[in-house]
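Enquirer: Each chain, letter by letter, is given below.
Protein chains: 2
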Amino acid sequence: MKKLILASTSTIHGGEYLDYLKPALITHFEGVKRLIFIPFARPGGLSHDLYTARVRKFFRELNIEVLGLHEFRDPVKAIAQAEGVFTGGGNTFLLVEQLYQHKVMAILRDRLYENMPYLGTSAGSNIAGISMQNTNDMPIVYPPSFKTLGAMPFNINAHYLDPDPNSTHMGETRETRIKEFHQFNNIPVVGLREGSWIEAHRRTYTLRGPHSARIFEAGKIPYELEAGSEITVS
Amino acid sequence: MKKLILASTSTIHGGEYLDYLKPALITHFEGVKRLIFIPFARPGGLSHDLYTARVRKFFRELNIEVLGLHEFRDPVKAIAQAEGVFTGGGNTFLLVEQLYQHKVMAILRDRLYENMPYLGTSAGSNIAGISMQNTNDMPIVYPPSFKTLGAMPFNINAHYLDPDPNSTHMGETRETRIKEFHQFNNIPVVGLREGSWIEAHRRTYTLRGPHSARIFEAGKIPYELEAGSEITVS
Chain A
0 MKKLILASTS
10 TIHGGEYLDY
20 LKPALITHFE
30 GVKRLIFIPF
40 ARPGGLSHDL
50 YTARVRKFFR
60 ELNIEVLGLH
70 EFRDPVKAIA
80 QAEGVFTGGG
90 NTFLLVEQLY
100 QHKVMAILRD
110 RLYENMPYLG
120 TSAGSNIAGI
130 SMQNTNDMPI
140 VYPPSFKTLG
150 AMPFNINAHY
160 LDPDPNSTHM
170 GETRETRIKE
180 FHQFNNIPVV
190 GLREGSWIEA
200 HRRTYTLRGP
210 HSARIFEAGK
220 IPYELEAGSE
230 ITVS
Chain B
0 MKKLILASTS
10 TIHGGEYLDY
20 LKPALITHFE
30 GVKRLIFIPF
40 ARPGGLSHDL
50 YTARVRKFFR
60 ELNIEVLGLH
70 EFRDPVKAIA
80 QAEGVFTGGG
90 NTFLLVEQLY
100 QHKVMAILRD
110 RLYENMPYLG
120 TSAGSNIAGI
130 SMQNTNDMPI
140 VYPPSFKTLG
150 AMPFNINAHY
160 LDPDPNSTHM
170 GETRETRIKE
180 FHQFNNIPVV
190 GLREGSWIEA
200 HRRTYTLRGP
210 HSARIFEAGK
220 IPYELEAGSE
230 ITVS
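Listed in order, the protein sequences are those of chains A and B. Its first residue numbered 0, the first sequence is counted upward by one per residue in numbering that gives the first Met the number 0. Its first residue numbered 0, the second sequence is counted upward by one per residue in numbering that gives the first Met the number 0.
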């Protein structure tokens, strides 16, 4: 029993923060009066307060009050009682380290399985997978584990980028990095392009948005999954 | 007392493996008959044997024999007795995890401080820094620590890329990622462009190759350091 929206990015090129997701979020958070925002990933080093203020501004249009998890004395209790949770993007290593430090990983997992509506963008989508091992982020802090919420039977690679045939850069492509991952792990990976999101209802995972997604399974040739399709890897 | 060449990349666009470094390597490894190659980073999942064969082929032209560290029963003894060491690129998380697993991190650090000639490319350069925290790689395995050799008072960001002003991609730029790092760490970072390398002699670090490097220090505006200059951050 899960009710998740997991987006590749919070903002699409030329758009405003969360704007492209607005119609989906109105439905997703129907009946929710107060949302808890997890600002721990701190994009560009943004403070918890400023990050929460940005989110609060957007959700005001939806008549939803936003409280930052950092504002609570007891973050475990806050998650336990939350009507809905949104985890924003930034640095996944920092986010995971903070979730463990504040001991909210387990309670957040419980709440996802209790059907509490959850929104993740970028790093916040990444942690819904089995592990954070397909993040693109820099390891700026050392988390106690790479295991994450396990709310679905696969991992997400957010901001998925196709190899650029004109590139002269010799660093690894995203596809090569995921291939290296599959030398040591058999968790399927969904390469989620910017503008795409995954909508999870109960045990069904549907690809939403305008783009296809690239699916990577250990020992298989990667393939495209069309928008609107169900993700059936496990 | 150190004698290091730390390159951003093994191969420049349109070039052959290590070819652009050949003149520097002839001087660097003068007198070395046998080189130990550390293939643990396995680029694209390449096997230890195939990776070592690629390196062997290049060093044959320099009349230097190459042995893979994976061919030794006692890798600690192999490093202790090595005339020179080369660590190749690939995945930094895997490389660091393997160096700890085979217990060669400490002996390799000792040998670097004993003036043994060392070559690193990409991940192999990354580990010469204080920590591996400025890698671009995906966390495909969980190493016991992010601490690395500490052969110099800064970290390297290999394959450094300038922000692309025409990009529509919303993922973080390299500069943003390093800025996030400096929210939590005060280790200086050298953004080393492809084709550049650092030459270390004793306690002097010189930027070599055709490009300037971008220097990031906590709390300072990033700046360019011209090719041929000494790196004086600490």
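Everything labelled a hint here was simulated from the structure, so no lab data went into it. Fair warning: there could be bad hints in the mix.
If several chains are the same, the list does not tell them apart, and a pair holds so long as it fits within one copy or across any two.
[Unchecked claim] Cut-off 30 Å, straight-line C-alpha distance, at most; resulting in silico cross-link-like pairs (DSS-like, lysine-lysine): (1) K32 with K219; (2) K32 with K178; (3) K102 with K178; (4) K102 with K219; (5) K178 with K56; (6) K76 with K219; (7) K76 with K178; (8) K219 with K21; (9) K146 with K102; (10) K21 with K76.
Enquirer: Now tell me, hint by hint, if it's right for this structure.
Expert: Hints versus structure:
no.	hint	result
1	K32 with K219	neither (44 Å within a copy, 43 Å between copies)
2	K32 with K178	neither (43 Å within a copy, 36 Å between copies)
3	K102 with K178	between (32 Å within a copy, 27 Å between copies)
4	K102 with K219	neither (37 Å within a copy, 34 Å between copies)
5	K178 with K56	between (40 Å within a copy, 26 Å between copies)
6	K76 with K219	neither (43 Å within a copy, 40 Å between copies)
7	K76 with K178	neither (40 Å within a copy, 33 Å between copies)
8	K219 with K21	neither (36 Å within a copy, 38 Å between copies)
9	K146 with K102	both (13 Å within a copy, 25 Å between copies)
10	K21 with K76	within (28 Å within a copy, 61 Å between copies)
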